[in-house]
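*Asks:* Residue numbers (the numbering used here), protein chains in the order written: chain L, 1 to 305; chain W, 306 to 560.
No lab work stands behind these hints: they were computed from the structure. Keep in mind the model is a prediction, meaning the values are calculated, not measured. Where is the CB? At the ideal position from N, CA and C, for every residue including glycine. Do not take every clue at face value.
[As the list claims (entries may be wrong)] Simulated pairs of lysine to aspartate or glutamate, EDC-like, Cα-Cα distance not exceeding 16 Å:
#: 1; chain 1: W; residue 1: K403; chain 2: L; residue 2: E200
#: 2; chain 1: W; residue 1: K409; chain 2: L; residue 2: D178
#: 3; chain 1: L; residue 1: K119; chain 2: L; residue 2: D178
[What the hints assert, rightly or not] Derived CB-CB ranges, DEER-like:
#: 4; chain 1: W; residue 1: I490; chain 2: L; residue 2: A42; range: 43 to 51 Å
#: 5; chain 1: W; residue 1: V391; chain 2: L; residue 2: R299; range: 27 to 35 Å
#: 6; chain 1: W; residue 1: D448; chain 2: L; residue 2: N290; range: 34 to 42 Å
#: 7; chain 1: L; residue 1: A121; chain 2: W; residue 2: A486; range: 50 to 58 Å
#: 8; chain 1: L; residue 1: N290; chain 2: W; residue 2: D389; range: 42 to 50 Å
[Claimed, not checked] Some residues of chain L that are not near chain W, with every Cβ distance over 10 Å (derived):
#: 9; residue: A22
#: 10; residue: G76
#: 11; residue: G227
#: 12; residue: E266
#: 13; residue: L289
#: 14; residue: R301
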Amino acid sequence: MDVTPHAVVRVSCGRSRREGLATAGLTTTGLLAVVVTLAIIALFIEGSVPFFREVQLGDFVEGTRWAPLHEPASYGILPLVGATVVTTGIALAVAMPLGLLSAVFLSTYAPSSVRRILKPALELLAGVPTVVYGFFALRFVTPLLQGFIPALGFWNGLSAGLVMGVMIVPYVASLSEDVLYAVPRSLWEGSYALGATRFETVVRVVVPAALSGLGAAFILAMTRAVGETMIVALAAGRTPTWPPDPTQPLLTLTTAIVNIATGDHEATAFIWSAVFAIGLLLFLTTLVLNTVSYLVIRRFRERYA
Amino acid sequence: MSDPGAPPILSTRAFSLWYGSHQALFQVTLDIAARQVTAIIGPSGCGKSTLIRAFNRLNDLIPGVRTSGEVLFRGEEIYGRGVDPVDVRRHIGMVFQKPNPFPKSVFENVAFGLRINGFRGNLAERVERALQQAALWDEVKDDLHRKTGYDLSGGQQQRLCIARALAVAPEVLLMDEPCSALDPIASAKIEDLIRELARSVTVVIVTHNMQQAARVSNWTAFMLLGELVEFGPTREVFTRPTDGRTEAYITGRFG
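Can you build the whole structure from these sequences, using the hints too?
*Replies:* Shown next as structure tokens:
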């Protein structure tokens, strides 16, 4: 072995150049997500400028009539927001309890044999294409519900919301399970050691300890429901109504975009700028919800670090 | 100190325990005297924590645990058919290595065991008494509802956990290395407390600190590789050990 100092230096030069290239390459990839996000925000802001030049912000935010193609046109967003709130609310009312309970069941009660079957099955639910869910809501859930609610419309927010809830269950279950799992083993044991049953331990110690994390799961579920498009487009209808009635057709924010984008409009038509305005609103809503849930989760992690 | 006439409150009879295919305890037989302090010492991995967790069936929570032999609490086999571990744990309290207060107020931490046991009576009085027994009352009495367990220092947290265990008036208090996460001053307080508690409660303490065992306990069990090597009055185990391995351990030749 006669490695001269010179040779050693040369070898490390080549390696450090490769290391430098790898660093640059990976940094670029990492930044790509940020760049794309910023580009989307910029695009939506730019695209909605013509809209807000024409339409008063007050008329947009507080208006209760959405009729962009009528004369005179009206761009009140409230019917859309109301429809989204209704379908999201119904979805969360289904997804939160079901998701949390299945997380508790999977993490605490299920024997490993049951868990091995149930967990993949639950994840499969998350893999079902949303168009299938939408069709399921339209052709199965709605007729079923019409047996109980005769006045239920062919399109309605109720069955769209219910099916959307089922779609979100796996997300809530998976997030909640992680959160429950993150509650230190020592808290479970402390409770058991005082003679608490499994149920008492989960309800009185683990869930309260995991509350902020579960709150984050709730917010993320809300983001999914707010942004969900296919199910509401197929099953909730396209009628902007105010006040929103879950048993009747509704037009959610996402469906309104679909409506305009699939309609027969000239590329330069003013109505396209309305898409950007709605898109911006949706984007900001999910951004805020995601940020809040991120902050909540971080606080939860810090607590048990 | 010892009272050979009194029946033991806890005993094991040829007790063995497996985690899956790994055997952690081998035919352990010992008697724990009521209202005395029994220390279990031994190097890491010798099975002392496993043994103490066998007394309140906390090992049951780990999948794949099997046992053979008996653990008797007041003569009753706690691994017997039809015995619910939840009932066992209501009589045998436990304090853990790392303080594990619940994310609740000081008051609710102590009241927890009473509440789940459906205690009907003066909750505040019982909480106060438990906190006094754990020598924590004076430090927390003004913030019972305002402070949570996490707002306390490490030593206070551990005394809170002791108060929480004492609130349900257990007959036995198991302590699994209760001072290992504490500084010397906080440890000394816990040790004083243990001696004080032994007037009314049976204490079983696992410790890897031999001085601590010598200071607080009446009886000492020395374990090695899952076997009970030696068991006797603390003074004798430390001054005249009968087994060469015990002597080697307490004189610091391994561990």
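*Asks:* All the hints need checking, so say for each whether the structure fits it.
*Replies:* Hint-by-hint comparison with the structure:
no. : hint                         : in the structure
1   : W:K403 to L:E200             : violated (22 Å)
2   : W:K409 to L:D178             : violated (22 Å)
3   : L:K119 to L:D178             : holds (13 Å)
4   : W:I490 to L:A42: 43 to 51 Å  : violated (60 Å)
5   : W:V391 to L:R299: 27 to 35 Å : holds (33 Å)
6   : W:D448 to L:N290: 34 to 42 Å : holds (37 Å)
7   : L:A121 to W:A486: 50 to 58 Å : violated (42 Å)
8   : L:N290 to W:D389: 42 to 50 Å : holds (45 Å)
9   : A22                          : holds (41 Å)
10  : G76                          : holds (45 Å)
11  : G227                         : holds (33 Å)
12  : E266                         : holds (59 Å)
13  : L289                         : holds (25 Å)
14  : R301                         : holds (14 Å)
Violated hints for the displayed structure, listed by number in ascending order: 1, 2, 4, 7.
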